[in-house]
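> Sequence:
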Amino acid sequence: MERGKEIEGEREKGKAIKLSKRETLFNYCGGFLEAAFNKILELCSTTQGSFSVLRKEIKNLAKSSAAMTEEQLNFLLMNLHHLSKYRAEQIYPLVTEYEILQNVCGNIRDFHQLKVNGCVEPEIIETVLPQFQLIAERVGHFLLDDELIDRDYRLSKLAHLLLKIIPTQLEVMHMCHKNLKSSTSAEVGRFIEQLSETSPDILREYLIHLQEHMVNVVTTSTSGARNIHVMIEFLLIVLTNMPKEFIHHDKLFDLLAHVGELIREVSTLVRDLEVNSRNEESTNGKNHATLDLMENIELMKGDLKHVYLKAPTLSQLCFPMSDGSLLMHLLLRHLNDLLNSNAYSVALIKEEIKLVKEDLEFIRSFLINVEQELYKDLWARILDLAYEAKDVIDSIIVRDNGLLHLIFSLPFVVKKIKLTKEEVPNLLEKITKNKGLIVVKSPTKYVERKSLTTGQTIVGFKEEADLIISKLTGGPKMLDVVSITGTPGSGKTTLAYKVYNDKSVSSHFDIRSWCTVDQKYDEKKLLDDIFNQVSGSTSKYRDNIDAANELRKHLFGKRFLIVLDDMWDTAAWDELTRPFPEAKKGSRIILTTRDKKVALHAQCHSDPLDLRLLRPEESWELIEKKVFENGSCPDELVDAGKEIVQNCKGLPLVVNLIAGVIAEKEKKKTVWLEVLNNLHSFIFQNEVDVMKVIALSYDHLPDHLKPCLIYLASFPKDYAIPVGTLKFLWCGEGLVQQTEMKSLGEVVEIYLDILISSSLVISFNEIGIRATCQIHDLVHDFCLIKAREEKLFDRIRSSAPSSSSSSDLMPRQMAIEYDKEHFGHNNFVLFDSKKKRHSGKHLYSLVIRGQKLDNSFYDICHLRHLRLLRLLELNDSFIKVNDSLLNEICTLVHLRILSINTGVKSLPSSFSNLWNLETLVVKNDRPALVLLPTIWNLVKLRMLSISDCSFFDLATDEPILIVEDSKLENLRVIQGLKLSYSKDTEDIFKRFPNLQELSFNLKESWDCSTERYWFPKLDFLNELENLRVTFKSSNTYDSALSVATNRLCDFHFPLSLKILMLHKFPLTSDSLSTIARLPKLEQLHLEYAIIGGAEWNMGEEDTFQNLKCLTLCGVTLAKWEVREESFPVLEKLRLWACPTLEEIPPSFGDICSLKSIELGWSPQLEVSALKIKQDVEDMMGDIQVLVYVKI
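Position one of the sequence shown corresponds to residue 1 (UniProt numbering), numbered consecutively onward.
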């Protein structure tokens, strides 16, 4: 009571001083040392207070703590606790670190109060009294320093403060456990309970900041440093969300004291390692000490199991998805990635992960070629175990109930999988005996097909039908195959049916047969069906008749037409076509397939026809014919009808379905508009007809390609996905595995080729434009459904998933469109506060775009809990990554792809912790980001794309010592580089020997040795295919003079180049001759180049042997002499903004390969372009040259 009156009196004094804006804070905190206030009262009038003076006096008194009395120290500790509580609850209520500071100050205050109250002998506490005074000084300086206004600086100082003061709490815990545990004092008992309650979070926060500090400061990579990291990971698992209900009641404080002792040992080792690293001393002497840490982990695990913890009741998790084979494939890939990750958290359970992986691979190898129905129950049990193993392993890594999983669940699931492995051979032996044989598993389930031809209205594809009919009724006498390929539902069967029943076709052949093959087929039954059709027989198939031989006899000597509809693989083709004689009768086979590889395998003479989608007018015709008896739509419905057609995207199957929907409805505009607004739902009401058509193709894919296809739906509909980008994303997501014989890039190309061949993916590979691919809207919808079914990814626009520790509810990948109106501190995956537990811990990929993050949320924005992340994209529209968040990113050791916006000057040393990083994309809005020396540690890096970066600090040109053998041999792409001449950069590219794509800005630099502009030597980069360079002149007005005085670049290009883009370079005919000698060059783009004398005279040696695309944009070219042989295989000529060029050289009219001419803002060239078009078309006959003109 007296203490309360004293504080109230000091509050009144504070009001009298009138400390303006600080008044609320002043009132809340009570007061500080009486001497401080007396001093202030002398210095300040009653009307003008100065809080800066107050701060100064408190600092001075804190510094003179040697003379501080016990009462003063107690008073100071009490009020510092009040001030930290005010900060934690009123100013920064969502920032965990302030709550930790409040609890530490409270614990120190209350322990000191035990001494004041006579509950602790003075000699027990004497050793820590100086530390208490030091804490008071440090905390006071931090809380009262007005200069700490920068957010990043304040948070970093707070983290540093916690690192300094929490070790004192460790000392307090040690004293209490050693001297006070058996005390009968109720006050001591209450303090130990308080210590037990607050210590887990305090120690956890300390270890987190210690780990981040170690990553930033300790640059040496030794086994000793690694052992320390592993121990920190272990201790964090113990402390995070500590399951107190499973800890024996009387053992909690013992456990915390044990953990505290280990933390004290770790702290000492980190401090020694830091000193040795700073002094560049050897750390070998410390390795023995850190080996003891590994032994301590095993001893501690034993104590946890047998002494501290109560064993929980372990329940079996059930596999919640539908595709077991997909889960097994992704899980084994995930476990393999973990084993190769070199992550500290994985080191704790590496042996267990290895056992799980090996046992599951063994089980899968036994079951993969067995009919699933024969081991249905066994397979279900294995999937449950596999899913449980994944959940337990991931939970340990992300510290989600990690302690119980580590001590109990993981050993249990490893044991269960091992027992199941031992059962499998015996179970299969029983199955084999019971069934008589083991059936080879079909890759898909049989789906009953409806007739896609009878009764259908057929429109469109007139040119295609005429082409096929001409190939059926004309052409060579030898047997020929006319193949039709296309996406599911594109009308392949309909077109085949149209030509099959054409009168000119039916009258041309002696006999015809139509055979639908399907994925699961019976060869003998199909051959019997064909035989019955061509012979007119109705007899059923009998075992004693060789149908193939009978069919061959019947077809021999006749001109036959056989349709093999919906062929799925080459083996089926080989089996079914064996009986077809190859006599010179003009016989034909029509083959329809979704797989282009089947069509190419079957090809004889005619090229396969890849069926296009319906044109809008064809789709509209189909709608009219199906909906209206007279085939004509009333005028008032035309606009709505054509909008419906536009949204069908030209897929005949969808057009037919929607035509069926509106045919049953009233012929009113409002009704049709309703259909338009609900088009998506109408399509999906016909899921049997739509989704199962696509599912047939999906099910036919091997397991490793299914997630690759589904991943394409993470892009927006109708988005042209750059193939180059897709390669890095697939690799980064862990969807592609390198083989011994092929690189990752080569494997990706094979995957993509198969998907394109399956007709599920559409490829756009036009010369002169980056290759892209995309999927049809319906395939996109199908993949989104699959993604949600298999918990692969989800897209969120309004609110995040509710906070949950259950990984069952979380997808592997998440894309969020951030909207500040819908996201708050309690429902967003990045926000961490004392009011919520983390959601999304089990995420593998996170992409956030959308609105700008509010500044008030920066303090609680964290990433360190997302410890499984392999892909992180924080779009620049959403957030600019600050130093503290960047440090957290550097703890995410599983990251493979990182895309951020930041303003840091150089890659921090902590980036070296990201040893699994393969793709780094940075949007930098400050001077060039300096890459060296940190980049050398990113040994797996494949793509480096930074909007503005340099190897060295261009402002200082200070040399950086580079270790002689430093190389990044996996690096394939560098984009955004700034380069200027120096001795250090002369041979820098030798350290990236396998580059395939390079773009940089070259600062004008004079090379005295060559008396030319300096250009880096690149001729040793034998893998380089794509080079894009911009010349940055120091004086833009001097560019023409540079050409005139022959101050040109000394080019040294690699012979492997396929694409070359030069921007703003001074060039002459001679330098262009150098480029012409590149034997593999396919694309040349010259943009705003200054050509000497405005002339390009191409001599006899200036032949671009393989050039397919030539772009001249904004070049200073007036006279251009071209020979007929200069561009022998050119397909595309692009001329943009070339006002001084009067005409295109006529010699281009002699290039028979020319397909298109693009003109932009050069109207004077149109006449010569049209003349060249005419010349090529006259020369080649059926070849059409396209001319595009933009004015």
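Hint data in this document are derived by calculation from the structure and do not stem from the laboratory.
Check the hints yourself; a few may be wrong.
[To be verified] DSS-like, lysine-lysine: derived pairs with alpha carbons at most 25 angstroms apart:
1) LYS1032 / LYS1003
2) LYS597 / LYS742
3) LYS462 / LYS596
4) LYS376 / LYS791
5) LYS597 / LYS692
6) LYS642 / LYS626
7) LYS923 / LYS1032
8) LYS820 / LYS742
9) LYS852 / LYS978
10) LYS978 / LYS354
11) LYS596 / LYS791
12) LYS668 / LYS625
13) LYS596 / LYS625
14) LYS157 / LYS115
15) LYS376 / LYS350
16) LYS626 / LYS596
17) LYS553 / LYS642
18) LYS668 / LYS471
> Determine for every hint whether it applies to the structure shown.
Hints, verified against the model:
As the CA atoms of LYS1032 and LYS1003 are separated by approximately 5 angstroms, the hinted pair is consistent with the 25 angstroms bound. At roughly 21 angstroms between alpha-carbon atoms, LYS597 and LYS742 fall within 25 angstroms of each other, so this suggested pair holds. Of the supplied pair hints, the one linking LYS462 and LYS596 holds, its CA atoms being roughly 22 angstroms apart against a limit of 25 angstroms. Our distance criterion of 25 angstroms between C-alpha atoms is met by LYS376 and LYS791, whose separation comes to about 22 angstroms.
Restraint check: the Cα-Cα separation between LYS597 and LYS692 comes to about 22 angstroms, which is no more than 25 angstroms; the hinted pair holds. Under the criterion of a C-alpha separation no larger than 25 angstroms, the hint pairing LYS642 with LYS626 is consistent with the structure, at around 14 angstroms. Distance check on the hinted pair: LYS923 and LYS1032 sit about 20 angstroms apart at the alpha-carbon level, within 25 angstroms; holds. At roughly 46 angstroms between alpha-carbon atoms, LYS820 and LYS742 are farther apart than 25 angstroms, so this suggested pair is violated.
Annotation: proposed proximity of LYS852 to LYS978 is violated, straight-line Cα distance about 29 angstroms (limit 25 angstroms). Only pairs whose Cα atoms come within 25 angstroms are accepted, and LYS978 paired with LYS354 is rejected, the gap being roughly 44 angstroms. About 31 angstroms separates the Cα atoms of LYS596 and LYS791, which puts this hinted pair outside 25 angstroms; it is violated. About 17 angstroms separates the Cα atoms of LYS668 and LYS625, which keeps this hinted pair within 25 angstroms; it holds.
Proximity of LYS596 to LYS625 is assessed by CA-CA distance (about 32 angstroms); at most 25 angstroms being required, the pair is judged violated. Between LYS157 and LYS115 the CA atoms are separated by roughly 31 angstroms; this puts the pair beyond 25 angstroms, and the hint is violated. Pair hint LYS376 plus LYS350 does not hold up; C-alpha atoms about 31 angstroms apart against a cutoff of 25 angstroms. With a C-alpha separation of about 31 angstroms, the suggested pairing of LYS626 with LYS596 is violated against the 25 angstroms cut-off.
Note on LYS553 and LYS642: the hinted pairing is violated, with a Cα-Cα distance of about 53 angstroms set against a maximum of 25 angstroms. For the hint linking LYS668 to LYS471, the alpha-carbon distance of about 45 angstroms lies beyond 25 angstroms, and the restraint is violated.
Hint compliance for this structure: hints 8, 9, 10, 11, 13, 14, 15, 16, 17, 18 are broken, all remaining hints hold.
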